[in-house]
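**Student:** Between the sequences and the hints, there should be enough to build the whole structure, so can you do that?
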Amino acid sequence: EAGVAQSPRYKIIEKRQSVAFWCNPISGHATLYWYQQILGQGPKLLIQFQNNGVVDDSQLPKDRFSAERLKGVDSTLKIQPAKLEDSAVYLCASSLGGHQDYGYTFGSGTRLTVV
Amino acid sequence: GNSVTQMEGPVTLSEEAFLTINCTYTATGYPSLFWYVQYPGEGLQLLLKATKADDKGSNKGFEATYRKETTSFHLEKGSVQVSDSAVYFCALGGNQFYFGTGTSLTVIP
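From first to last, the protein sequence lines stand for chains E and U. Sequential numbering of the first sequence, starting at 1, is according to the numbering used here. Sequential numbering of the second sequence, starting at 116, is according to the numbering used here.
Read the hints as simulated data drawn from the structure, not as lab findings. Here the structure is a predicted model, which means the values were calculated and not measured. Treat the hints loosely; a few may be bogus.
Capping the alpha-carbon separation at 30 angstroms, the derived lysine-lysine pairs in BS3-like fashion look like this [to be verified]:
(1) U/K183 with U/K167
(2) E/K62 with E/K44
(3) E/K62 with E/K78
(4) E/K44 with E/K78
(5) E/K11 with E/K78
(6) E/K83 with E/K44
(7) E/K71 with E/K11
(8) U/K171 with E/K44
(9) U/K167 with E/K44
(10) U/K183 with E/K44
(11) U/K175 with E/K44
(12) E/K78 with E/K15
**Tutor:** So this is what it looks like as structure tokens:
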């Protein structure tokens, strides 16, 4: 089966610019996650979708980050305006259900550098 | 709340050496525990998991035992190879995953 696809792989932007990341989960996976992985740290959950509804966005900085999952398939994560501290790898993951027992599959991530 | 504390790295070992990476957790309930591995330039891959106390997860020569009494899930391998060089993350499962900070392992020939 195809894995979780993410694009772009790398992005360099100046602070205060905007950027968007795209994720295509594994076909049939109802749950989609966006994680932020800052260098030297473990991934931190930003937002969790179940189909096209938001389950948990408590750690999403909503003043600058937004995410959507139209039609319950692909998802887009946007940052506007970007700050230097947003430099990180943004990981998308998907699973059949919203619980550990279903297992997660991670994409390769998008590495964002804000200068 | 839920959290994972992982042994800090980096760790450098010679090929065929014994590996231990320590992981302890704090959790409510009875979550599953996981080890993920991240090779350079790649995403996270599930290495092994254990779903209840005293379970042992194993894969590719790696093992970890879910110890409820010590709230630990230490990763071990008897003989590491150069190809094992990667970053290893301990994680606590549930409705979302809680990851440790990662331990970088470099194996030298």
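**Student:** Against each hint, give a clear statement of whether it holds in the structure.
**Tutor:** So, going through the hints one by one against the coordinates:
no. : hint               : in the structure
1   : U/K183 with U/K167 : holds, 9 angstroms
2   : E/K62 with E/K44   : holds, 15 angstroms
3   : E/K62 with E/K78   : holds, 10 angstroms
4   : E/K44 with E/K78   : holds, 16 angstroms
5   : E/K11 with E/K78   : holds, 13 angstroms
6   : E/K83 with E/K44   : holds, 17 angstroms
7   : E/K71 with E/K11   : holds, 26 angstroms
8   : U/K171 with E/K44  : holds, 26 angstroms
9   : U/K167 with E/K44  : holds, 24 angstroms
10  : U/K183 with E/K44  : holds, 24 angstroms
11  : U/K175 with E/K44  : holds, 27 angstroms
12  : E/K78 with E/K15   : holds, 14 angstroms
Violated hints: none; the structure is consistent with every hint.
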